[in-house]
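Visitor: Chains as they are written, first to last, in our numbering: chain W, 1 to 288; chain S, 1 to 110; chain P, 1 to 257; chain V, 1 to 604.
Wrong hints could be hidden among the right ones.
Just so you have them, the derived chain S footprint on chain W, three or more residues with Cβ under 8 Å [stated by the list, open to error]: (1) 24-30; (2) 62-69; (3) 80-91; (4) 147-160; (5) 167-181; (6) 224-232.
Only pairs whose alpha carbons sit at most 16 Å apart, straight line, appear in this in silico EDC-like list of lysine to aspartate or glutamate [as the list claims (entries may be wrong)]: (7) S/71 / W/12; (8) P/59 / V/93; (9) V/351 / S/97; (10) P/135 / V/273; (11) V/65 / V/83; (12) W/166 / W/141; (13) W/208 / V/596; (14) P/59 / V/273; (15) P/99 / S/8; (16) V/351 / P/128; (17) S/70 / W/12; (18) P/147 / P/128; (19) W/181 / W/12; (20) W/209 / V/273.
Quick caveat, the hints were computed from the structure, so don't treat them as lab data. This one's a predicted model, so the numbers in the text were calculated from it and none came from an experiment. A virtual CB, placed ideally from N, CA and C, is assigned to each residue, including glycine.
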Amino acid sequence: MDIPYTVHPRADTGLYNAKVGIWLFLASEVMLFGALFSSYILLRVGAPDGTWPHSVLNIPLGTLNTIVLISSSITVVLAWASLKLNNFARYRVIQSITLLCSLIFLVIKSFEYRDKFAHYQVVQKDGKYVDGHLTGSVYLDADKKTREEHGFRGLSFTEGPKGAQKKFTLESVTVNGFEAKSLAEINNPKVGVHHEHKDFKIAAAQIKKIGNYGPWHNTYMAIYFTLTGLHALHVIGGALVIGYIWGPGAAMWKTDPERYINRVEVSGLFWHFVDLVWIFLFPVLYLL
Amino acid sequence: MSATTPDEVHKSVRKYLAVFIALIIGTVITVGAYYVHLPSVAMTIAVALLIASVKAFLVAGFFMHLISEKKMIYGILVATVFFVIGLCFLTIWSMHDFPANMNHSVTGQM
Amino acid sequence: MLDYIKTKLLFMPVLASEHGKDVDDFIVYIHILMAALFVGWFAYFAYTLFRFRQSRQPKADYTGVTSHASSYIEFAVVVFEAVLLLGFAVPLWAKVADKFPDKKDATLIRLTAEQFSWSARYPGPDGEYGAQDMKAFASDNPLAYVKDDPKGKDDVTAPLKEIHVPVDRPVIVYLTSKDVIHSFKIAPMRVTQDAIPGMISAVHFRPTVVGKYLVTCAQLCGNGHSSMNAFFTVDTKENFAKWMAEKSKGGGATSFE
Amino acid sequence: MQPTAKEAHHGDAHAHAHHEELGFWRKYIFSTDHKIIGIQYGITSLAFLFFGFCLMMAMRWQLAKPGTPIPLIGGMLQSIFKDMASGGIMSADLYNMFGAMHGTIMVFLAVVPLGFAAFGNYVVPLMIGAPDMTFPRVNMASYWVFFLGCLVMFVSFFVPGGAAQGGWTSYSPLATLVPTDGQTYWLIGMVLLITSSLLGAVNFVATIIQLRAPGMTWMRLPWFVWVQFVTAFILLLAFPPLEAAGVMQLMDKVFHTSFFLPSGLVVSGTPVDVSGGGSPLLWQHLFWFLGHPEVYVLILPAMGIVCEIIAANTRKPIWGYKSLVYSALAVGFISFIVWAHHMYVTGMGTKISTFFQTTTMIISIPSVIILTCLFMSLWGGSIRFNTPMLFALAFLPMFGIGGLTGLPLGFNFSDIALHDSYYVIAHFHYVVAPGSIFGLLAGVYYWYPKATGRFMSETWGKVHFWLSLLFMNLIFQPMFAQGLAGMSRRMYDGGATYAGVLDPATGDVVGLTKQMIGLNTPITHAAIALGAVQLIFIINFFWSIRNGEKVKTDNPWNATTLEWQTPTPPPHGNFASEPTVYRGPYEYSVPGAATDFTPQNQPK
Ligand code: HEA
Ligand code: HEA
Ligand code: CUA
Ligand SMILES: [Cu+2]
C-alpha cells in the first residue's frame with residue numbers, strides 16, 4: 001500500500017495531507033510566538049517606570065520592512081494563482097519577487113541589528129548618562145606609550161602572539177549622542193523633546209559602565225532580539241523552502257503538477273504566517 | 001482551496017489585490033497614529049493593536065483562505081487560540097493576584 | 001480519633017501553630033475520602049479478578065455491567081470534592097494567604113534568604129523597617145539596607161540563622177532572597193512560602209507552643225540546599241523581650257551587620 | 001463502504017508500490033518505515049530508562065548511607081567527575097546533577113518516547129489500517145532529531161562542571177547561575193527534543209485524521225489511538241511555550257540577557273553583572289504550562305495500552321467506550337489550565353489559586369471516569385492472567401494510588417504542608433513508575449510477538465512482574481510516610497543533616513525523627529533489588545528475539561484490532577490491500593458469533 005491523499009483531498013475531511021500538516025505546524029507556531037508575546041506583556045507590565053524604552057528602533061526602516069513583507073505575501077498568493085491558471089512562467093517571475101523581498105527584508109533587518117550593536121550607553125561616575133553611537137575609542141598600551149584607535153573592545157584587552165602579549169586599556173571613548181540625567185529621560189522622552197546630538201569625549205576614568213544595545217542591555221532589547229531573531233529564522237527557513245520549490249524542485253511541475261501546486265500552497269501558508277507574526281511584531285516592538 | 005476554475009481564480013486575484021491595498025493602508029495608519037501622538041498611551045496601544053488584528057484577519061482570512069477553510073482546520077485553530085489566551089491571561093493574572101501587602105514589583109526595590 | 005489518624009497513620013510532625021490544626025484536619029478528611037475510594041474499589045477489583053478468572057468463567061459476557069452504580073459513585077466523588085473545595089480549601093486558604101493580621105498586633109520579621117542561610121531583621125520600637133535595596137549591597141552591608149533611611153535606625157538584625165518570636169502572637173514574615181529561589185518552611189508550623197529574588201512575599205501564622213523549631217529550605221537552591229536551615233525559637237513573652245533587648249543593645253549598632 | 005474517487009486514485013498508485021530492495025542503512029538506520037522508527041525509539045528509550053534508573057540507584061545509595069563510597073561504580077564516577085565524587089563518595093553537586101538528569105531522562109528521554117513515539121509509531125498506523133505515517137520522512141527526521149537531543153543530554157555529563165544541576169524543572173535564577181555549561185547543553189538538548197516531539201506530533205495527528213482506513217470512523221478507533229491523538233495534541237500545543245522559555249533561558253545563559261533574572265542579584269557576596277528586570281516566576285509559568293500537560297503525556301499512552309490488553313484478555317468489550325473517549329479529550333483539554341497547582345507556595349492570592357485548584361479538581365473527574373470504565377470492563381469477563389495482563393491489571397490500583405494522592409496536593413491548603421516533600425515524590429512515582437512503566441511493560445510483552453514473531457518467556461515474565469510489583473511498592477509506599485512527616489525532597493543527605501541537628505540548649509533532636517530517616521535504607525535496598533529484577537526482563541527481551549516461542553498465527557492473542565490482521569512482522573506498507581472496517585474495536589464474545597472475537601475488518 002502507498003500513502004493516500006498526498007495529492008487529492010480525503011473525502012470526509014476535504015483536505016490533503018500536507019495541508020493538515022502545515023496547519024498543525026502553524027498551530028504550534030502560534031503557541032510558540034504566543035508564549036513569547038505573553039512574556040513580552042508580562043515583562044513590560046512588570047517593568048518599573050522609565051526602564052522600558054520607547055522609540056529606540058528605526059521606525060521608517062521598520063515600516064519599510066513591513067511593506068516589504070506584505071508585498072511578499074501578495075506575491076506568494078499571486079504566484080500560486082498563476083499556477084492555478086497553468087501559467088508557470090508568470091509563477092516563476094512573481095515568486096522570484098517573493099524571494100527578492102525576503103532578501104531585502106533580511107538585509108534591512110541586519111542593518112538594524114548592526115545599528116543596535118553600535119549604539120552605546122555610558123553611565124558616568126557622576127551618575128549622568130550619555131547615549132548614542134560610539135564613534136571612537138582610544139586605547140593605551142601597558143607602558144602608556146602607544147595610543148591606538150580601535151573599534152570598542154571593552155575596558156581593556158590583550159593582543160599579540162603568546163609570550164609577547166600586549167595589554168591595552170581604554171583611555172577614552174567618543175560618543176555621538178546626548179547626555180541625560182536619568183534612564184527615564186532616555187527611555188521615555190517627553191513628547192516633542194528632541195535631543196540635540198553632539199560628540200562627547202568621555203575619559204575612561206569617568207566611566208562607571210559602558211555597553212551597547214545588544215540583547216543584554218535590558219529586557220526590552222532582550223525580547224526584541226529574541227522575537228525578531230526567531231522571526232528572521234522563520235524568514236530564512238521559509239525563503240529556503242520557497243526557493244527550493246521555485247528552483248530545483250520545479251521539475252515536479254512536469255511530472256505531478258497538482259502536487260506541485262499543493263507544495264506552493266503549503267509553503268505559501270507558512271510564508272503568510274511569518275508575515276502575520278510580523279504584523280504584530282512591528283507595532284508591538286517599534287511603536288508601543 | 002478557495003478557487004478552482006480559471007474564472008474564480010481571476011476573481012480571487014482581484015480580492016487579493018484589494019486586501020494588499022488594505023494592508024498597506026493599515027500600515028500607514030498605524031505609523032501615522034504613532035507620529036501624531038494620540039492623546040493617551042492607552043489609545044495608541046488600542047489603535048495599533050486593533051489595526052494589527054484587522055490586518056492579521058485579512059492575511060489569515062484571504063491570503064491563507066481561512067474564510068473558506070474546512071471544519072477540521074477551524075477546530076484545530078480554535079483550540080489553539082483558546083490555549084494561547086489561557087496562557088497569556090492566566091499568567092498575567094497570577095502575577096497580579098498577590099495578597100495585598102505583598103509587593104510584586106520585579107525591581108530591586110525591597 | 002483524628003489525633004490517632006494524624007500521628008499513628010499519617011505520621012504528621014509536631015504541631016505548633018494555630019492554623020496548622022486546620023491543615024492537619026483537612027489532610028485527614030481528604031485521606032478518609034481517598035481511603036474509602038481505594039478500599040471500595042480495591043475490594044471490587046479483587047473480587048472481580050477472583051470471580052471472573054478464566055477457569056471459573058470460561059465464556060465472557062458481552063454486555064457486562066448494566067447497573068449505574070459507578071455513576072453514583074462518581075457523582076458522590078464529585079460532591080465530596082466540591083465540599084472539600086468550597087467548604088474548606090478556599091476559605092481556609094483565603095484566611096492564610098489574604099487575611100493578614102494588623103501589623104501593630106504582630107511580630108514582624110523581614111527574612112532575607114541567601115545561599116545558604118537566613119537572616120532575620122526586626123523593625124525595632126517604631127514598628128517600621130528601613131528600606132532594603134539590593135543596589136545598596138556592599139561587603140559591610142550584606143543585607144543591602146538603605147543606610148540613611150530614618151525608619152531603619154532602630155531596626156535590629158538578629159544573628160545569622162537565628163529567629164525568635166514570642167508565643168501566641170501572630171507573626172508576619174516578609175520574605176525575599178538575594179540570589180536564587182528559596183522556600184521558607186517550618187514543618188511544625190505548617191508553613192511553606194517561597195522567597196523569590198526581586199519580590200517580597202509574606203506569610204503569617206500564630207505559634208502556639210514554646211520551643212525551638214527548625215526552618216528548612218523547601219526549594220532546590222544549590223549544593224548547600226540540604227543544610228540551609230535556621231532555628232526558629234518560640235519564646236515566652238518575657239524571654240523574647242530579654243532576647244530582643246540584648247540584640248538591640250547599642251541602638252542601631254547592630255542594624256547593619 | 002463506497003470507494004470514493006480519491007480512493008480509486010490511490011488504488012492505481014498501488015500498482016507502482018513495489019519498491020526496489022533497500023540497503024541495510026536505508027532499511028534499518030535511516031528508515032522511513034514507521035515500524036522501524038518505532039523500534040528505534042523503543043530501543044533508545046528503554047536504554048535511557050535503564051540509564052535513568054542507574055543514576056537513581058547511585059543517588060539512593062547516598063540517601064541510605066550518606067558519605068560512604070558508592071560500591072561498583074564509585075571509582076568510575078570519580079574518574080569522570082573528579083572531586084565531585086572524590087573517593088567514590090557522592091557530593092551535593094553530583095547528587096543535584098544526577099537528580100536533575102534522572103528527572104529529565106526519565107520524562108523526556110524514556111517514558112515519553114517509549115509510550116508516545118515508540119508504541120505510537122509502531123501501533124497507530126497498523127491499528128487504523130494505514131500503510132505508514134502521513135509524512136514518513138518527517139517521521140525519520142523526528143527520530144534523528146530526538147537522537148541528537150539524547151546525545152547532547154548524554155554528552156553534558158562529561159563537560160567541565162558536569163550536567164545540569166537545577167532540578168528537572170530548571171528554575172531560574174538557579175539554573176542560570178550554576179557554574180556549568182551542562183545547563184546550556186540541557187537547554188539545547190531540550191530544544192532538540194521539543195522540535196522532535198513537534199515533528200512527531202504533527203505526523204500523528206495528521207495520520208489519524210487522514211489515513212484511517214475506509215470504515216474506520218472516529219468512534220470505531222481503538223481507544224489507544226484516541227489517547228495517542230490527544231497526547232499528540234498536548235505535545236503540539238504545550239511544548240512550544242517551553243521551547244520559547246528554553247530559548248529565553250539560553251539567551252540568559254549565553255548572551256547574558258535577563259529574562260528570568262531580576263535586578264539586584266547578589267550571589268555569594270558579589271552583585272551579578274546583568275541588566276536585571278526579568279521575572280523568575282515567568283519561567284515557572286512557562287515550564288509548568290508544559291509540565292502539567294506533560295504528565296498526561298506520560299500516562300495516557302500507558303492507559304491506552306492497558307485498555308487494549310484488558311479488552312483482549314477479558315474477552316469482552318470495553319465498558320463505556322464513549323465515556324473513555326470523551327474523558328480522554330476532556331483530560332487533554334483541561335490539562336492546559338491547571339498548571340499553577342505546582343506553584344501554590346510562590347505566594348498566590350485566593351482568586352487565582354482558587355481558579356487553579358478548581359480546574360485541578362475538575363481534571364481529576366475524567367481520570368476517575370477512565371479508571372472506572374477500565375475497572376467495570378472486568379466484570380463479566382473471562383480473565384486470562386498472562387504477563388501483559390498482569391502488568392495491565394497492576395496498573396489500575398497503582399495509578400489509583402498515585403492519582404488519589406494527587407488530590408491532597410491539588411488542594412492548595414493541604415499542599416502547604418506537603419509541597420516539596422517526599423509525598424510529592426511518592427505521588428508522582430506511583431503514577432509514572434508502577435503506573436506508566438507497568439503500562440509500557442505490558443505493551444512490550446503484548447506487542448513483542450507482533451514485532452518479532454516470538455513470545456517473550458511467560459514464566460520469566462511473571463517472575464519479573466511479581467517482583468517488580470513488590471519492590472515498587474516497597475520503594476514508594478514508605479515515601480508517603482516520610483513526606484507526611486515532613487521530609488523534603490532534593491536533600492542530598494536524605495534529611496539527615498537537619499534531622500540530626502541538636503537543640504544547643506536542651507540537646508533535643510528537632511525536626512524529622514530517626515525512624516523516618518531510617519526508612520531510607522530499606523527503600524534503597526528495594527530499589528537495588530528492583531534494578532536486579534529488571535535484568536530478568538532485559539535478558540528475556542534479548543534472548544526471546546532468537547529463542548522465544550514462535551507465534552502460531554498472526555493473531556496470537558485472538559484480538560480484534562487491525563494490527564493483528566496483518567502478517568507478522570508486518571511488511572513495508574503494512575497491509576497487502578487496504579483493509580475495510582465494519583465495526584467497533586472491541587467486539588469480543590459477540591453473542592452468536594463463531595469465535596469469541598470478531599476482527600474489525602471481518603466482513604459482516
Ligand atoms: C503521569 C504523571 C502524573 C499524573 C497522571 C498526575 C496526576 C495528578 N497530579 Fe501530579 N505530579 C506529577 C505527575 C503526575 N500527576 C509529577 C511528575 C509531579 C511533580 C513535579 C515536580 O515538582 O517535580 C506532580 C506533582 C503534582 C502536584 C504539585 C505538588 C507540589 O509540588 O506541591 C499536584 C498538585 O496539585 C499534583 C496533582 C495531581 C492531580 C490532582 C492529578 C490527577 O490527575 C489525578 C486523578 C486521578 C485520580 C483521582 C485517581 C482516581 C482513581 C480512583 C477513584 C480509583 C481508585 C481505585 C483503586 C486504587 C483500586 N501533582
Ligand atoms: C517518568 C518519570 C520517572 C520514573 C519512571 C522514575 C523512576 C524512579 N525514580 Fe524518579 N524522579 C522523576 C521521574 C521519574 N522517576 C522526577 C521528574 C524526579 C524529580 C527530579 C527533581 O527533583 O528534579 C524524580 C526524583 C526521584 C527521587 C527523589 C530524589 C530527590 O528528590 O532527592 C527518587 C528517590 O528515591 C526517585 C526514585 C526513583 C526510582 C526508585 C524509580 C524506579 O521506579 C525506576 C524504575 C525503573 C525501572 C524499573 C527501569 C526498568 C528498565 C528497563 C525495563 C530497561 C530495559 C532495557 C532494555 C530492554 C534495553 N526519583
Ligand atoms: Cu535554599 Cu534550598
Ligand atoms: Cu500537575
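Visitor: Output the indices of the hints that this structure fails to meet, ascending.
Guide: Checked against the structure, the hints that fail are numbers 4, 5, 6, 8, 11, 13, 14, 15, 16 and 19, while the rest are satisfied.
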